[in-house]
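Participant: Chains as they are written, first to last, in the numbering used here: chain D, 1 to 217; chain A, 1001 to 1217.
Hints may contain errors.
Said to hold, decoys possible - Straight-line Cα separation of at most 27 angstroms, BS3-like style, residue types lysine-lysine; simulated pairs:
(1) D:K182 x A:K1200
(2) D:K125 x A:K1125
(3) D:K213 x D:K81
(4) A:K1213 x A:K1200
(5) D:K200 x D:K213
(6) A:K1182 x D:K46
(7) A:K1081 x A:K1200
(8) D:K200 x D:K182
(9) A:K1182 x A:K1200
(10) D:K81 x A:K1046
Stated by the list, open to error - Covered stretches of chain A, as calculated for chain D (at least 3 residues, CB under 8 angstroms):
(11) 1048-1059
(12) 1102-1111
Derived from the structure by calculation, the hints contain no laboratory data. A quick note: this is a predicted structure, and the numbers were derived from the prediction, not measured. Backbone N, C-alpha and C fix where the C-beta goes; we use that ideal spot for every residue, glycine too.
Protein chains: 2
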Amino acid sequence: MIPTITAFERSPDRGRGLARDMRVRWALEEVGQPYDVRLLSFSEMKEAAHRMLHPFGQIPTYEEGDLVLFESGAIVFHIAKQHTGLLPDDANARARAITWMFAALSTVEPPIVERGMAMLVERDKAWHEERLPILEDRVRVRLGELSNRLGDADWLDDAFSAGDLLMVTVLRRLNGSGILEKYTNLSAYVARGEARPAYKRAFDDQLAVFTGKPPTG
Amino acid sequence: MIPTITAFERSPDRGRGLARDMRVRWALEEVGQPYDVRLLSFSEMKEAAHRMLHPFGQIPTYEEGDLVLFESGAIVFHIAKQHTGLLPDDANARARAITWMFAALSTVEPPIVERGMAMLVERDKAWHEERLPILEDRVRVRLGELSNRLGDADWLDDAFSAGDLLMVTVLRRLNGSGILEKYTNLSAYVARGEARPAYKRAFDDQLAVFTGKPPTG
């Protein structure tokens, strides 16, 4: 059965692939699972019909027969569990990969999102200039710790996993910020993720929604 | 094999059970798994020896033979997977319970933690008084959505699960704030979690670390 996911009708990041459907698209491409996409306007996301699927009125959702899921992390985990390729078979390695999924979303993403939100909604506040460096320091603490752990490895725990998939999408929010670029191993790590064929297919598909042109290739 | 978790040597919340080891203690109590606790000072948490276990220098960690995990969400998931009682057997119900685990940590917790951090570290800032209501509104949006979804049910998706366990620990951060109390079904939901015998045992054990007295009963 082909699952259906939801995504923004109009990309708020103009096709940069930072919305959370990108994670789900990437995971589906990694495992070779075709999928349908239903596009939603910002007002449709907040309507009762969509809130039946997603109580917080966001994207993405995932529908597969009777099953309805929300939360990109949970959807990626569901895909990884159903297919091979995103989580190792060895029980301990699998538990560690799942740990990186939670670390990406619970420990690394929040300060990055806070900085992004401040730049979006607090730009005109009197305190913005004083507060932004505090937020950026919080981001740097996490990046420094992550950089130390990654070292010169390709991925966070041996082979590429759903943990790396989520971590790369979290770090990508900092592309062009000048912050991520100071950690050369993390920059290379993000580039390594973005170079994966499955990533590129997912990226092109979400970009095609924005440009209105079918993906090339 | 009895696992070992780490916790704060000195409870920053004076035994209110808001540190993230509480989640892991509660999960272990729900499934009846005994465990050892190793206490860490704030400086020990940031030392290289602990960072080998936890790259972000935090608690809790979980050690079980060769396996080392961090991230409370991942540890609770690991416990839920190894034992019965925290995740339903039915595949779809299980995927939905896991969705609530991610929702608790990725969608509901971040604005609650941001508010808590502002009250802790921004109290003396010129902008605190203007910014706090903005943060509280962000919390209220999520609580309103969660309250609508919960309705008059006991738990988020039929039977109590690891999703409820995490959500209750997230919402407990608002106990006494006057914010949570406006959502009577959410207050009752938190109280329902706190009334579980496993919760009480976990709470008493973490409190005993703070008071230095062995738990009663």
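Participant: Could you tell me which of the numbered hints above are not met by this structure, giving the numbers in increasing order?
Facilitator: Numbers 1, 3 and 10, in rising order.
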